[in-house]
Amino acid sequence: MSRLRDALDRGEFVITGEVAPPLGTNMTSMDASVAELGPLCHALNVTDNQGATLHLSSLAASRAVADAGFEPIFQQTCRDRNRLALQSDLLAAWTLGLENVLVVTGDAPRGGDHPHARGVFDLDSSQLIEIAAGMNDGHDMIGRDLDGGTDFLIGAAAFPEAEPWEAQYARISRKIEAGARFFQTQAIFDIDKFARTADAVAPTGAKLIAGVLLLKSPRVIDFINNRLAGLMIPDHVADRIRTAADPAEEAVQLAIEQVRALREVADGVHIMPLGMDTSVRRILESADLI
Amino acid sequence: MIITRPREWARIKKNLDDIGAKSVFIMGCGQCATVANTGGEPEILAAKAALEADGREVSGWAVGEVACHLGGTKLTARKNVGSIDAADAVLVLTCGAGVQTVADSVSKPVFPGLESVFLGNVIRHGEFEERCQMCGDCVLDATAGICPVTTCPKGLLNGPCGGMWDGMCEVLTDRECTHVRIQRRLAEQGRGASGALPPKDFSKKLKPGSVNLRPDRGRKGSKGGAGR
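Each protein sequence line maps, in turn, to chains A and B.
Everything in the first sequence is counted per the numbering used here, starting at 867 for the first residue and increasing by one.
Everything in the second sequence is counted per the numbering used here, starting at 88 for the first residue and increasing by one.
Here chain A stands alone, though its shape is the one from the complex (with noise of 0.2 Å):
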């Protein structure tokens, strides 16, 4: 039984953090981040060749991080298979005892370390997310019964800064008519318009996870503001970290500050920690979560 599910069906404020499989086979960082985060997280994403960069497969790290005894969050992303692959890793991730899976778009393979990739992207978002929920009631995406379905903790991205508003909206409403049961969101530096995005949720039941990004450096900041699709780092924000005489101990503040606005609006935070796992655990006590 999912305990994210259990948490977030109680009301509780829920914990996630991130981690990334190794690029080859040694399984040493990532275990290392699995054991400082799984602590103090309810669920720990995997990510899918993030960034359209290649990586061990999220299937095989978040068995991984079950087996480190902590409870993963399955990503998988429509850029890299097509709809045989992507119900049969569904199907996959149930039997490996993977009960939480969050679907999204993927970057485009242009923007990684394989340009010449071909994008596959056969089904988007919205479409997995009402497949993987058509396997929660026992068929697959012909309608065909399955011998054996599965349970899903369905999740989907969203983006409360990404303007325009209507198109952000549109989008979020399909994706919970689809099937999915909890957002986790981009990086939140605007508590109004997460709240905006709060207040469309709430009412359909959905929960939603504020994303939370540590900013160790400026460099950090000038690689998400030039390669990172889909965000944009406020120049107030930027600027405290670029003129702090210590980026990472200001970045922490920061996200205590964060983390202490969002307890108020949100139903849990995503802590996507970029280098910064030791610290977590601070932010999290400093803002009385832990």
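I should point out that these hints are in silico values taken from the structure, not numbers from a laboratory.
Don't be surprised by glycine CBs; every beta carbon is placed ideally from N, CA and C.
If a hint is listed, it holds; no wrong ones were tucked in.
List time: in silico SDA-like cross-link candidates among lysine to any residue, alpha-carbon distance up to 25 Å:
1) B/LYS294 to A/ARG984
2) B/LYS109 to B/ASP175
3) B/LYS101 to A/HIS982
4) A/LYS1082 to A/LEU1140
5) B/LYS292 to A/SER954
6) B/LYS294 to A/ALA951
7) B/LYS291 to A/ARG947
8) B/LYS292 to B/GLY223
9) B/LYS291 to A/VAL986
10) B/LYS294 to A/HIS982
11) A/LYS1082 to A/ARG1129
12) A/LYS1082 to A/THR919
13) A/LYS1059 to A/ALA1153
14) B/LYS291 to A/MET1007
15) B/LYS294 to B/PHE205
16) B/LYS292 to A/VAL986
17) B/LYS292 to A/ARG949
18) B/LYS292 to B/PRO302
19) B/LYS100 to B/GLU139
20) A/LYS1059 to B/GLY254
21) B/LYS292 to A/ILE1008
22) A/LYS1059 to A/ASN1091
23) B/LYS291 to A/ASP1006
24) B/LYS292 to A/ARG984
25) B/LYS100 to B/SER194
26) A/LYS1082 to A/ALA1153
27) B/LYS109 to B/LYS166
28) A/LYS1059 to A/GLU1043
Over 10 Å on every C-beta distance to chain A, these chain B residues come out as not near it, computed from the model:
29) ASN124
30) GLY147
31) GLU152
32) ARG218
33) ASP224
34) GLY232
35) ASP261
Dock chain B against the given chain A, drawing on the hints supplied.
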């Protein structure tokens, strides 16, 4: 129309070198490749000059009326039979459909002189954009006449994706997001969002496409293909 662009000259040169072609016949097209300034008379003459500068002879050239039309291209080949016979190879400045038609019409080795890139709308003279991928399963009824399959770089039927920012596309950052445009036009026309579009039926686009409007005169045993 079919949009083409010149193929790297080094590749053409290598193709000709590999078979030791000393003499070349050049074929262009009076339709798309002429409009795209890639396979009309001026471009053929430029290719001729380049081949001659490489030390090759050009035995002749022709701009077929419609290079992808088998009957017409065979006729063009017959009219030029002497200079084609005198050539070691035929360089074809047309789309890939034209290249194959020429290859079916002459017995000499045929090499492409252009790259075929997309089915293009002519925005204005010399400016082309891809708006249709001929998927065989049109969604323009639901998308306000804007094709997401083609104009969203990810080809998403439902969007925007998480890369959209300030209404702009993640991949082509100087372009507005297709899904934002679709939703705006639907709203302007008083049409609500159409709900999620279902997964695309790729069986409508089985390769190779084939349509026969003359079944009584069609090839015996022809079963037809995509597009029916």
